[in-house]
Every structure is written in structure tokens, then in C-alpha cells.
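Dock chain one against chain two, each of which comes alone in its own frame, and use the hints as you go.
Residue numbers (this note's numbering), protein chains in the order written: chain A, 5 to 516; chain B, -14 to 224.
Incorrect hints may appear among the rest.
[As the list claims (entries may be wrong)] Mimicking DSSO-like on lysine-lysine, the simulated pairs with C-alpha atoms at most 30 Å apart in a straight line are: (1) B:Lys144 to A:Lys354; (2) B:Lys190 to A:Lys354; (3) B:Lys187 to A:Lys354; (4) B:Lys190 to A:Lys223; (5) B:Lys167 to B:Lys190; (6) B:Lys144 to B:Lys191; (7) B:Lys190 to B:Lys102; (8) A:Lys122 to A:Lys239; (9) B:Lys191 to B:Lys102; (10) A:Lys223 to A:Lys239; (11) A:Lys239 to A:Lys354; (12) A:Lys223 to A:Lys161.
The hints are simulated quantities; they were obtained by calculation from the structure and are not laboratory data.
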Amino acid sequence: MRAGASPGGWRGIVWSLGLVALVTVALMILRRLFELPPVAITFLIPVLVSAIRWGTLAAIVSATAGAATSAYFFYRPFHSFHVDDPARMLGLLLYVTVAVVAGYLAARMRGEAALARKQEIEIRDLYAFSRRLASAKAASDIFEAIHQHLSSLVGRKVALFGPAKPGRGAGEHFGDAEMPGRVREAVMAATAGEVDPATATVVDDGTGNLWLIRAVSPKSLDFGIVAIDLGQRSKETEEDIRAQVDAVLADATTTLEHLGLANAISEARMRTETERFREALIGSVSHELRTPLASILGATTVLCNAQAVQREHRLLALANVVREEAERLNYDIQNLLDATRISSKGLQPKFEWAEPADIVNTALERRRNRLAGREIDVELLDELPLVYVDAVLIEQALGQILDNAAKYSSPTTSIRLAGRRDNGEVVLSVSDDGAGLTPDERARLGQRFFRGDRQINNTPGSGLGLWIANAFLAANGGCFEATSIGEGRGTTVSIRLPIPDGGGASASLDHE
Amino acid sequence: MNELAPAVLVVDDEIQIRRFLRAGFELEGYSVSEAENGNEAIRATTLRPADLVILDLALPDIDGANVLQRLRAWSTVPVIVLSVRSSEAEKVRLLELGADDYVVKPFGMAELLARAKAALRRQARGSSGESAITVDRLRIDLAARAVFLDDERLTLTPKEYRLLQILAQHAGNVVTHQQLLKDVWGQPHVDDTHYLRIFVRKLRKKIESDPNRPRILLTELGVGYRLALPGEVINRMTN
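So here's chain B without its partners, still in its complex pose (with noise of 0.2 Å):
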């Protein structure tokens, strides 16, 4: 691995797509290798551990969903999937076969390089045992389970804490709904959205300065939540 230029496998089978993601990617100081279809992806991952994977669920040998299946069973690599719209449902499968994130199709640069940096991050952050996210005015002390406001903490209730706390390991991705109600409330409650909106609710209260728009603790519709990374700037494309 080479902190300097990580190292991303980009697969999709159409080649314009990986012509413009080599580009993107090579501007931004990522080093790039391809591969067209599932198979060539996993033997690429065995060959040459990448730090990133952008995956594109059509793929014309093997699903998609299965390259991740068997890329999970011995991989941690981060995992972008290249999604298309109107399937909320699959992405939140992908999201729980250990998907890092997703883009849909058609997407912008930004966004993608916005998903890419921050599962990188997190992958980083796991390794160097960093403790404290800051997003924005907030800051998340993991290790001393505290969360701050300007530099004011914030007296949050247990549950609050650890909803914050998993968005903060996460921090820039997305989070699923399934997810958050299993970890927090556990399994039982994992249809239960009811109870995550209103936790939410009191959550932004307490950290967005606007609790109707919020900046820091974002939605993403159908899918999940995402904390947002410092200064992320996401070009959201019209789709």
C-alpha cells in the first residue's frame, strides 16, 4: 500500500466509464488498474491488494452482489458500488453484504471521489487508532465518548450517543436504517424506523443550528444516514 497514491480497482464493463474514472481518479493522485468483468476483479484483488474498489453491479459474468460476497470473504477493502437509481432496496442490500457506499448512476466526479476519500479514511482511521471526528462545529470524541458543540459538550442520552457514534466510524458514508435501529436498539426493532426519525429529530436539535436543514447529520432518502465529512463539498448531480 502506498499512503501517497492509493490504490483503486476500478471495474465496469463499459470502457468509457472506466476511461473517465481513470482520469478522475489519476488527477486526484490515485494510482489506477481496471478490470471489465467479476472474475477479472477477483483474481486483480488477489494479485494486487487495492486500497479502494469501485464496483459496478452489472457486470457480464457474475453479479455484482456476488463479487462482493466473495471479495468480503477475505477483504476488508473498502467497496464503492456504482449503483442505478430507482432500488433503494438494493442498496441497502449491497450496503449489508459490506458494500462501503454507493453512487448512482449517472454520477459526478466530486461525489464519487467525496465517498472514495471518506471510506479511505475510515479504513485509516482503524488502523491508526484516531479517536475524534470533527464535522463542521462538532466534534466526536470516540475514546472518551464525548461529543462536543464549539467546543461545548453536549449532554446527549446514551442512545443519542451511540447513534452519533456509529455515523461518526462512518463518517462521510452512508449508514443504513436496518443498521442503526440493530446496533442501537437491536434486532427486534430493525423494521422500526419510527423510532430512529424521532431520535434523529432530537439529535439535530441538539447539533444543527438548523434542525429543518440540516448540515451535519444528512439523510439519505430511502437508504439510510450519513454524517458528513469536514468540509465536504458533494456535488450531487441531478438524478
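Next comes chain A alone, as it looks inside the complex (with noise of 0.2 Å):
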């Protein structure tokens, strides 16, 4: 039972007391004016009052001390504890013992409200935390409800982590607690499933404050972790706080299981691992290739150079054919590590102001093989505002729109490249006289292995190049866009950058 003495405290004794008085003050003013019966009954209102407010000590205080009053002020012989008259005697000895009695009732009703009162909230808590359950769609739904539900149950700061995710550490964080570093450890090892689900450990932080950590379900590490600050807690409440823990977690468990999380979250986590595997794959074939690549590039270009070659023009012509595939091979290579790069969002540009010529010119020089024998047509504005980019991503992006125009146009007809100004932004296009596009392709253009049905059994490629200029653009807060006036009458391909402020402006620095 909870109706102890604490409730009122100190406080509570000494607001009882001063209740004691002020009646005994009240009565000794009517006494004055009237003729007045035996009075201590009077003193049960303090008692009641106190027991009811401020719990059983106070109640019993103020009966005592009102006992002592009567006796003192009211029963002869006044200002002595003596009392003569044997009724008067009993009288008091039955005010106390009704004023103990109905004190001890009446803080005991008030305990019971209390209680009450913290039942409804929790069932209050607790209904809204199953119909949260039941309407959760996703985990983070449920997190969120547990923690929150934690929260107000345990008063004090809750971290929950949600599944770790493979190769991040802990997961998803709900809740915004600071953590000491010694909790923040123990969640971390909890995370890399060096604990027993099954087990909860109490960590304390170092200040003597008790964290409590757990996994959310005792069965697998799948559904998260959970961090609880205990406070400076008796071992008692300590028990008390895992008791209520335990049943809120067996509840949101079940829910977790029952929506066939742990399923979705651990195929969830195959697939990530896939993804990563076929990428770690790709990226070290591809440089597993590059290798020799680079031998045989080099060998050629000497082969090439070579008087000897260069005497007998049919061994040229076939030392040309080893070069130009490589160069081909080494390509198609690029673009997969490129591809790699952006999955794992190992692109980081470093931004710098940079001239649009510059790129302009760098990704023509940098296929000049390719686009060899090719009519390239370029006019850049004069004066075109700076960019403020990482170029070479730039570069790359305006070559794979280089690259979709010359392979998707006739050899014999012309690529047109412009750099104009256009509002806020620089605009580089590629204009060919090629297969144009269907509104469907224009729509896909840029998704990630998309070919169109037209191209896929006439053309090489790999679908990778406008995703990854896409990708790119996007890193650097550009973006492309494709027009076409139709099938088979040519594509125009823009690249748009933001011009930011100072990009036109030509500062005078020339002072010494």
C-alpha cells in the first residue's frame, strides 16, 4: 500500500499543526462568548483534513496534538496536561482513537484515488500504445511507440535503437536522450551482438545514475535496443521499472512478430548485404581489369608510335584495332566503377569555381578518339558566368551526353555543343540529327539500365551512361533534360547549372 507517511512529508506535519492551532485558536474565541461542551471532537476536522491531504503521520500529529490541546487549554485543570474528570477522560481517549481510525481511513481512500488515478493513466498510456501497434505500417511506427510509451511510463530518458544496420552500427536513433559514454559503449556492443539478448545489463554511467539495457525482444537483436535511465533507484524500483519494462516489450515483441518484421527486416538486410557484395564485386573486377588494361593501352600506343609499325600500314591497321577495343573495354570499365561510385555514395564533390569553357573543352579533348572523324560543332558564349562545381564530375556527365549523341546519330552528320546563359543558370546542349526520341524513352531516360527497345539490339551500351551524367549533375545541383522533336529527328541534350552569386561578376584584382 502506497498511503505511507511520505506523501505530505515534513511539510504535511507542519501544515497539520498549524491546523491544530488555528482551531485551538477558534475555539478559545468562541469559549469567550459561549458557555462551550466538551470540545476535543472538534479536533477531529485537522485530522481528518491532514489524513486526507497530507496522509496517516500528519493524521496522527494532529490528533495527538489535538488531544494534547484540549487537555491542556479546555479540560480542568486548564494549563496542565492533568485531566480530572474521569468522563472528560474517556471522552479524550475516544477522540484519539476515532481520530486514528478515521485518519488511517481517510488517507487510505486517498492512497486508493491515487492509485486509481495512476491505473487509469497507465491503462489510458497502455491503449494508446496497442492501438498504436495496431496500426503501426512499418517499424519505425512501432519504435516510435515504444518509446514513447517508455517514456512516460518509466518518467525518465529512453533510447531505443531500431535493427542495426549491416556495417552502420546501431540503427535508427527515437528519442532524443543524451547518452554518457559509457552507455553509449555498452548500447554499442549491445548493437554488434556481443550480449546475450536474453539478458539485460545495468550500466552505470559513472555518476552513479543506472542505465538499464536490453534488447527490445529477448529473442533476437533483430528488433533493436533499448537504453533506460534508471536514475539513483533502489534496487526495489530497479526491479520494479525491469517488471514493467519486461511486459511492455513481451507486448510490442509480439506485435513486431506477428507483422512479420523480423522477417522483412533480416531479408531487408540480405538484400542491402547483396547489394553490397555485387558492388564490392564489380568495383574490384573492374580494377582487377583496369590493371592489365593499362599495360596493354600503353603497349599499344607504343606499337602504334613505332617506326616498324608504322612502315607496314597493315600491321598499324591491326595494332589500331588492339587500341581503339581497349580503349572500348577500358570505357565500358570506367563507367562500372563510375556506377559503383555513385551506389556507394562515394561521390564526394569538391566544389570550385570553374569555367565552362574549361569543361567544355576537357570533355571534347578527353574523346577525341572516339568522337574522331565526327563534325563537332561548338559555340560557347562569349563571357558565360562561372560555375561553382566539381568540374570534373562536369566533365564526365557533358562526355556520357556526348558519347549517347554520337552513338545514337548517323557518323556522317554533325554534333552541335552550345553553352549559353539561360536566367539563373549556365545551359551546355548536345544537339545531334540521330534517333531523337519516342515520348515513353524521353520519360525513362536517365533511370538506371535503361535502354530503349529500339537501341537495345542495334546499338551497344549498358543503360549506365545518362544515369550516371544524371547522378553526377545531381551531386553538383545541376540536372539534364532531353528534348526531342520526335522519332528519328534528332535529340537535344541540356546540361543546367545554377549560377551562383558572384559567378558573373568579374572582380578587379589586379591592384599591387
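Given below as C-alpha cells:
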């Protein structure tokens, strides 16, 4: 029973004594005016008030004080605790008994009321919690619900970590509770699977504060980890909280299992791992292929330039075949490497002021061999504003677009590359007189591995080029758009790059 | 040192790369020695000074950058680094550690030879006191601090001249943005690429026939600038 002596504490006792004093003063005034009967019964008022407001101890204190005051002030002989009249003595004793019993009952009622209120709140919480569990669509909803429910239940800091993501340590963090270093370490250890999910650990954060750390589900770590600040509580309260937490988490885990989230989560993890594995494989294979390719390419350039080979045009032609094919292979491998770089989020643009003409010239220069024999008209506006980008990434994006233009148009037609300014953007556009785009192709352009049905059997390609271009441009705050007046009537692909403040300004920096 | 047959040391752990580099350099009249790791490279340069070092960055024992640093502690021999793509920052770091130039793997022999010639020529210029550099229609007379386009003297501001002068001193080899900014504007401006872009624009207008398609003052995207070598034909690969 919680209706102990503590609720009012010292303040309650002082207050109840105050009430007794008040009643005493009132009785003294009244006694001057009227002849009063035995007064002890009047002191039941402070006793009952004290019991209801401040608990049993306050009630007993005020009962005792009431009896003493009656004996001292109101029963003969006055100003002495002695009471002459046996009938009055009996009355006084009766008063004390009634006061103590009434006080106890009142205090107990008060405790029950408080308990009922608390239980009502708990039930309401629990109801809200289970409603949220039932309507949860994703694991994160459930974790959010668990976090809120535990926080209101324990009334202290609660940190909840969603399922660990492979290779990224602890999962999503619910709640903004700050955790001391030691607790964080313990959570990390638990996430890393160093702890049996069935056992909970209690960690001292170094200041005497205790934290309870346990897996959400005792069966597996797939449901995440929870850390609860227990404060500086006694062993008993700790056990109490533990039992409550167990109950809450048992409910939650059942729901989680019910939703089949365990499977979904481990499936997702497996998918991520497969994806990562695939990318690592592509990455390492590409690297492995590049090394011999560097030798092949280097060696053929030596051969092509050697006088002995140049004198014999048939050999020279063969050497050129090897070189061109090796270059093509190198280009494809480069695309694969770029693609893995994008997927693994390895794109970290290095922003710098860049001259648009430099980007255009480098893209053309690097593709000189691939575009050999094509007529390319370059028309750049004089004094294009500077752009603030990773010029190397933009150059590669532009290169991909140029390659596409060359690939999907007849070698006898020309390609036009224009640079202009359009409102707040620098626009670099590549136009060809080639296959053009159908509306459907236009909509899906830039999707990974997308290749137009018309092209799949006619032109070799991987469907990565424009996807790479798109990712590189997006990383720089730019984008591309494709327009075509129709099938077979050519395509224009435009890169749009924002012009930052100061891009067009030419400061006077020549003062010595 | 032999004026006729410059000695080049090729440092790469890939035997096939060393093979074609040997063939490529020997066909051009260089004498070639090889090292397959960093320690061997350092030993080789102490035993028999080379005129030029071709240094791969991925070595099995010590990092290529480390080899470069140790080499630079006592030698000014021109070093050309073989780097991989998508690491402009690394290229810049190596150039700042004292590499003279870089080529990106896979590369063509012609490109490497052009870089090598430029680096050797700079070394020779330093010792012979040669003071005029001619690129295309442009002649830079370093002694007279004068620049001529088709024999007509150009009016350059002091900073424009300083920029051109640094590039001319490294003619044919790349100079990083940071180095140009530091030398022309001073250390506090080493990250103000904006200045550099605007100045290069102005300079190109004065020296190039088409400033949008420069032939003399070339850009190395993400790294720096280079002045073309006279008659330079760089057959860059698609990479």
C-alpha cells in the first residue's frame, strides 16, 4: 500500500500542526462568547483534513496534538495536561481512537484514489500504445510507439535504437535522449551482438546513475536495443521498472513478430548485403581488369608509334584495332566503376569555381579518339558566368551525353555543342540529328539500365551512361533535360548548372 | 648524365607496365632502368642518379608519395607520377610534394613522353640559363620580362605577367591552382580559385586566338593549368 507516511512529509506535519493551532485559537475565541461542551471532538476536523491531504503520519500527529491541546487548554485543571473528570478523560481517549482510525481510513482512501488515477493513466497509455501498435505500418512506427510509451511509463530518459544496419553500427535512433559515453559503449556492444539478447545489463554511467540496457526482444537483436535511465533508484524500484519494461516490450515484440517484421528486417538486411557484395564484386573486378588493360593500352600506343609498325600499314591497322577495342573496354569498365561509386554513395564533389569553356574543352579533348571523324560544332557564349561545381564530375557527365549523341546518330551527321546563359543557369546543350526520342523513351531517360527498345539490338550499351550523368549533375546541384521533336528527328540534351552569386562578376584583383 | 640518352628510372610493381615503358622510352632514345618497389627505387636513385623518374603510386612496400618525399629530401630529379583517376586531390597533393607532373592510368606513351620531355627541358633550362620560351605564336622572354605575340609586344599587368611567368617556367608541365594562387596573390588567397579563373580569362583574351578554345594556356580540370609545349601534340586517351 502506497498510503504511507511519505506523501506530505515534514511539510504535511507542519501544516497539520498549523491546523490544530488554528482550531485551538478558534475554540478559545468561541469559549469567551459561549459556554462550550467538551471540545475534543472538534479536533477531528484537522485530523481528517490532514489524513486526506498529507497521509497517516500527519493525521496521527494532529490527533495527538489535538488531544494534548484539549487537555491543556480546555479541560480542568487548565494549563496542565492533567484531566480531572474521568468522563472527560474517557471522552478524550475516545476522541484519540476515532481520530487515529478515521485518519488511517482517510489516508488510505486518498492512496487508493491516487492509485486508481495512476492506473487509469497507465491503462490509457497502454491503450494508446496498443492502438499504435495495431495501426503500425512500418517498424519505425512501432519503435516510435515503444519509445513514447516507455518514456511516459518510466518518466526518465529512454533511448531506443532500431535494428542495426549491416556495416553501419547501431540503427535508427528514436528519442533525443543524450547518453553518457559508457552507456553509449554498452549500447554499441549490444548492437554488435556481443551480448546475449535474453539478458539485460545495468550500467553505471559514472555518476551513480544507472541505465538499463536490453534487447527489445529477448529472442533476437533484430528488433533493436533499448537503454533506459533508471536514475539513482533502489534495487526494489529497479526491479519494479524492469518488470514493467518487460511487460511493455513483450507486447511490442509480439506485435513486431506478428507483423512479420522480423523476416522483413532480416530480408532487407540480406538484400543490402547482397547489393553491397555485388557492388564490391563489380568494383574489385573492374579494378582487376584495369591493371592488365593499362598495360595493353600502353603497349599498343608504343606499337602504333613505333617506326617498324608505321612502315607496315597492315600491322598498323591491327595495332590500331587492339588500341581502339582496349579503349572501348576501358571506357565500359570506367562506367561500371562510376556506377558503383554512385551506388556506394562515394560521390563527394569538390566544389570550385570553374570556367564552363574548360569543362567543354576537356570533355571534347578526352573523347578525341572516340569522336574522331565526327563534325562537332562548338558555340559558346563569350563570357559565360563561372559556375561553382566539381568540374571533373560535370565534364564526365557532359562526356556521357556527347558519347550518347555520337552513338545514336549517323557518323556523317554533325553534333552541336552550345553554351548559353538562361536566367540563373548556365546551359550546356548537345544536339544531334540522330534517332531522337519517343515520349516514353524521353520519360525514362536517365533511369539505371534503361535502354530504348529500338536500340537494344542495334547499338551496344549498358544503359548506365545517362544515369551516371544524372547522378553526377545532381551531386552538383544541376540536372539535365532531353528534348526531341520526335523519332528519327534528333535529340537535344541540356545540362543546367546554377549560377551562384558572384559567378558573373569580374572583380578587380590586379591592384599591386 | 648523358645528354644524348637521358637515364629514366621506371618504378612500378607491374612487370607488364615496366615492359612497355621500357620499350616506349628506349625507342625514343632513353636508357631505362627499373625498380619494382619503393625501397629498390630509393636505392637505385642513390647508386646511379637518374635524369627522370617515372613513379607509380601503388607500390607493394612503401607508398609512392612517401618515396617521393624521401627522394625530394636530397634530389631535384624530375619525377612524373602514374596516378589513378578520380582522385584530383591526390594529384594536387603529389604535385605539392614535389612531383613535376602526372599521367593518369591507363595512359598513352605519347602523353607520357610529352610530360617527360617537358620535365627534362625544364631541368635543362634551369642549368643552362635559357630564358625565352616559345609556344605557338607566343614568346615569353623571362630575362626581359616581356611577352610577344607574333613579335608584337603585349601589355600585361604585373599579375598577368607573373601568372604567365610561372607557367612558362614549368612549360609543358602542370602547375596547381594552389601554387599559382600562392605565388601570384600570396598565401592567404590560396583557395580563391575565383581570382585565378578571372585572370586566366583575361590572359587568354590577350594570348589566344580563340579564348574559348585555348591552344596555349591549357586547363587541367580540378588540378591546375599548363602551358602547352612548342609543337605539343598530346594524344590523350579517353579516360
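Can you confirm whether the C-alpha distance between Lys144 of chain B and Lys354 of chain A stays at or below 30 Å?
27 Å, holds
Given hint Lys161 of chain A paired with Lys223 of chain A - CA-CA distance at most 30 Å
With Cα atoms ~24 Å apart, Lys223 of chain A and Lys161 of chain A stay inside 30 Å; holds.
Is Lys187 of chain B close enough to Lys354 of chain A, meaning Cα to Cα at most 30 Å?
25 Å, holds
Hinted pair, alpha-carbon criterion (30 Å max): Lys190 of chain B, Lys354 of chain A. Please report holds or violated.
28 Å, holds
Starting from Lys190 of chain B, check that the Cα of Lys223 of chain A is at most 30 Å away, please.
73 Å, violated
Are the Cα atoms of Lys144 of chain B and Lys191 of chain B separated by 30 Å or less?
14 Å, holds
Hinted pair, alpha-carbon criterion (30 Å max): Lys191 of chain B, Lys102 of chain B. Please report holds or violated.
27 Å, holds
Going straight from one Cα to the other, do Lys122 of chain A and Lys239 of chain A come out at no more than 30 Å?
22 Å, holds
Straight-line Cα separation of Lys190 of chain B and Lys102 of chain B no greater than 30 Å?
28 Å, holds
Compare the distance between the alpha carbons of Lys223 of chain A and Lys239 of chain A with 30 Å, and conclude whether the hinted pair is satisfied.
Measuring from Cα to Cα gives roughly 26 Å; hence the hint holds.
Satisfaction of hint between Lys190 of chain B and Lys167 of chain B, Cα-Cα up to 30 Å
23 Å, holds
Going straight from one Cα to the other, do Lys239 of chain A and Lys354 of chain A come out at no more than 30 Å?
56 Å, violated
Going through the hint list in order, the structure does not satisfy hints 4 and 11.
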